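Trainee: Chains A and B supply the protein sequences, listed in that same order. Going by the UniProt record's numbering, the letters in the first sequence line up with residues 1 to 210, in that order. Going by the UniProt record's numbering, the letters in the second sequence line up with residues 1 to 138, in that order.
Hint data in this document are derived by calculation from the structure and do not stem from the laboratory. None of these values were measured; they are calculated from a predicted model. Glycine included, C-beta positions come from ideal geometry on N, C-alpha and C. Heads up, some of the hints might be wrong.
Unchecked claim - Taking lysine-lysine pairs in the BS3-like style, the calculated list, with each CA pair at most 30 Å apart, reads:
1) B/K69 - B/K101
2) A/K108 - B/K69
3) B/K101 - A/K108
4) B/K101 - B/K48
5) B/K48 - A/K108
To be verified - Some chain A residues flagged as far from chain B (calculated, every beta-carbon gap over 12 Å):
6) N119
7) R164
8) V168
9) P181
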Amino acid sequence: MVVVYTIYIFDRHCECIFYTEWNRGRSPLSDDSAGRPKSGKGPANTAHAIDRAGTHLSGDAQRPVVWPTSATSTAHRVSPESPRNTAMEEEAKLVYGVVFSTRNIINKLNAKDGPQGGNPGGFMSFATNTYRLHYFEAPTGVKFIITTDVSTTSMQPVLEMIYRNIYVEYVVKNPLFNIDPHVSTPIENDYFRAVLNNYIREISSNTAAS
Amino acid sequence: MIHALFIINRSGGLIYHKNFSQHIVQLSSNEALIFAGTFHGIHALASKISPAPKRDTPRDTGIQTIDTKNFRMHCFQTPTGIKFIAVTDLMQTQLTGALGKMYMLYCDYALKNPFYNLEMPIRSEMFDTKLLQLVQAH
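The following block holds chain A by itself, in its conformation from the complex (with noise of 0.2 Å):
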């Protein structure tokens, strides 16, 4: 059984276009060592889970374990609307950073004068003890990062769909689709997020794979 925590699609100029989330434990952020929040009355608080002062996120921002539906997860998009927002787009911006220093050192390591852009040396996955972060980057440098439970340990096929069939087909060839290549657009294509979310749930369900 796969859980699938959190997809993030980061376009060539390295912005953050799209992000969604299932099943999500931690608000973007929150510090793992600081134990429970004093704030905090439990789990109740779900979407938007800052502290009085309304400076940082408190560390256990639990949301209940369902489904978006649309409209729950259009309140999700990243947009510097709310702190929580803010708090995503910084942690996308930490995700984009991990996820290029990593593919530096493997392909520095793949070979000695390669191509410096791209992704030569073939970075999949890493894993830490809870959860693992899948990497696929399409030809023209958009990346898509998913990250599920740790024991799922293949994703490229998954990922690779999701650009062929998903991101292709419902963003690319959507007549509406800014193709200006100096700007990056965030998807707010409401076809793509339910197809996606249509998949997600059904490799969710699906026990076979691993």
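For this one, chain A is given, so just place chain B on it according to the hints.
Mentor: Coordinates of chain B only, in the frame set by chain A:
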């Protein structure tokens, strides 16, 4: 098959680096230092961006393995913060045992050496030979 070993001290400095095969690029000392610093950083950040529910696992300890097309990296962090990073082939799924033995070698031939300065590069012939034996036996 272990291709290479890096040992990183707790401030992110490289204290040991050795390639055991030609499978991966032999990094220059400068590149190896950059590798150590970068790995130290991503190791720390990876635990910060954990999305997993807290109730299952109380604390994220940072990167344990990195999978790539050609090799796999295993990281073992000691309680004192020293990181042992081994680059292996894709067959190696678990390397905690071998990395633990390397930690023992480090304790025996680096730490117990009265001339060894903590956090400084390991230059010990005994350590080199014992490590090579361990890698070949593996």
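Trainee: Compare the structure with each hint and give your call.
Mentor: Verification of the hints:
1. B/K69 - B/K101: holds, 27 Å
2. A/K108 - B/K69: holds, 14 Å
3. B/K101 - A/K108: Answer holds: B/K101 to A/K108 is near 28 Å, not above 30 Å.
4. B/K101 - B/K48: With Cα atoms ~29 Å apart, B/K101 and B/K48 stay inside 30 Å; holds.
5. B/K48 - A/K108: With a Cα-Cα distance of about 25 Å, the restraint between B/K48 and A/K108 holds, given a limit of 30 Å.
6. N119: A/N119 not clear of chain B: closest Cβ-Cβ about 9 Å, inside 12 Å.
7. R164: holds, 19 Å
8. V168: Given a closest Cβ separation of 23 Å, the condition holds.
9. P181: Answer for A/P181: holds, closest chain B Cβ roughly 28 Å.
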